[in-house]
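Protein chains: 2
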Amino acid sequence: MQRLEHRACFGGWQDVYRHHSRVLDCEMTVGVYFPPQAQQGPCPVLYWLSGLTCSEQNFITKAGAQRYAAEHGIILVAPDTSPRGPQVADAEGYDLGQGAGFYLNASQQPWAGHYRMYDYIVHELPAWVEADPAASDVRGICGHSMGGHGALTIALKNPDRYRSVSAFSPIVAPSQVPWGQKAFAAYLGDDRAAWRAHDTVELVKLGIARQLPLLVDQGDADEFLDSQLRPELLRQACEATAHPLTLRLQPGYDHSYYFIASFIGEHIAWHAAALRGE
Amino acid sequence: MQRLEHRACFGGWQDVYRHHSRVLDCEMTVGVYFPPQAQQGPCPVLYWLSGLTCSEQNFITKAGAQRYAAEHGIILVAPDTSPRGPQVADAEGYDLGQGAGFYLNASQQPWAGHYRMYDYIVHELPAWVEADPAASDVRGICGHSMGGHGALTIALKNPDRYRSVSAFSPIVAPSQVPWGQKAFAAYLGDDRAAWRAHDTVELVKLGIARQLPLLVDQGDADEFLDSQLRPELLRQACEATAHPLTLRLQPGYDHSYYFIASFIGEHIAWHAAALRGE
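Chains A and B are the protein sequences, given in the same order.
Numbered according to this note's numbering, the first sequence spans residues 1 to 278.
Numbered according to this note's numbering, the second sequence spans residues 1 to 278.
Chain A with its partners taken away, still in its complex shape:
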């Protein structure tokens, strides 16, 4: 493990680490923000999953989340969005391959092997984080776009492992939109049952994890709203199964980090209520 960055920030430290992932069989970079409270004892951890094309840098430099994490005493962990490196398969488009792991375990070639972001996020990364005595095993998860899909699906499939979940502009029904269909066909093949296991709307329809309320913010000027995101499908599924959902259409906001920065404070307060009982 190597510490690449170590920067004072809101009384705590914004670090970036490189560690070897056994699951992904490559080196991975991870941003970790330690709030000032981490010096006194273990803090709960909020995992942030980024969207297409992102590395760990987008969230840690643009979201302004450290201020709120410092207020609430929450560690922020922002991993990269896929396995990386010259030995890792890739594709031409921005929406498949490196930078586009979609938080699942690929079964198809050439992706199977390295592309196991589901196992990395659910198991290996928390184990690595919680080896630090500053981090407790109390976990929340949040993300944006492809990472919103990742946060919602992972939490719904593992309600025993996450106390809270929220998302910005998530791909709620990847099986029904171009980004998801392209990625799922490549990573998972034609087996639609495998697709359903990574589709938020399909998971909600199963009626699982209803103890986990969902907070979703979506800009109504988002350029991907109708083609890729389709939050009304999530609303319908939650209504049909009485899954608690707070879905907010934010007027004027787009798909950018300016949107995330504007509301990440409310998301962190939401998570703090579940993670710290605030």
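Derived by calculation from the structure, the hints in this document are not laboratory data.
Every clue listed holds true.
Identical chains share a label here; the pair holds if one copy fits it or two copies do between them.
Pairs of lysine to aspartate or glutamate residues, derived as EDC-like cross-links and limited to a Cα-Cα distance of at most 20 Å, are as follows:
no., residue 1, residue 2
1, Lys157, Asp137
2, Lys157, Asp119
3, Lys182, Asp90
Following the hints, complete the assembly by docking chain B onto the known chain A.
Below, chain B without anything else, positioned relative to chain A:
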């Protein structure tokens, strides 16, 4: 004038414009944040001057300043750091030429002509901003590193034009450090009197503009602290002339935007007190 970006942010709008600068004889990009209050009537304007290598993007994407501007009802204007374009002279290093305008009017070739950032910031940019009815002519100025030098020198030379000034990690004595000596020799030639007119410590020693208190934050882990920044020279000059100075050495902080993000809220509150009487 062309609007390149228009993004909802904290209830207001983060815009980026391209406009023709007559003073610099080139196209310039400018970030402008309009807080929600700008819809009701004219708001005071805080000008942000960035450091070496920066464009308008660094501040608007990384500082997290919009939140505080929205709280206080202040417009933020973040210009580029030099004239730009293929017809504009440049140099190999990051610390001279494009991205390194040093907020002065160059008298030497090949820089004279385009490199007139002093006139641009003091006169042309405010006139352009204040043509918008949302902006008042009540101005504050703030900046980082080379831009901290710009903010302090410009405010000290124009106390009738700026009600407030502050800086992060400013180059307070450019005549005495390598960054400033290289730039001043290139842009201003050997005339040391011309150098003094753009040197914060020299301006303070003249005892001018003592009605304008200075707020300066400096990280004590800043990698440029002893070689380029030397805040103790500012402290000595202010003590010698009874110039009001709040100089804070912030333990652990470096030269990055993580430092700026951590304290920009306090700077904007400081400016709001002068600009809005808060």
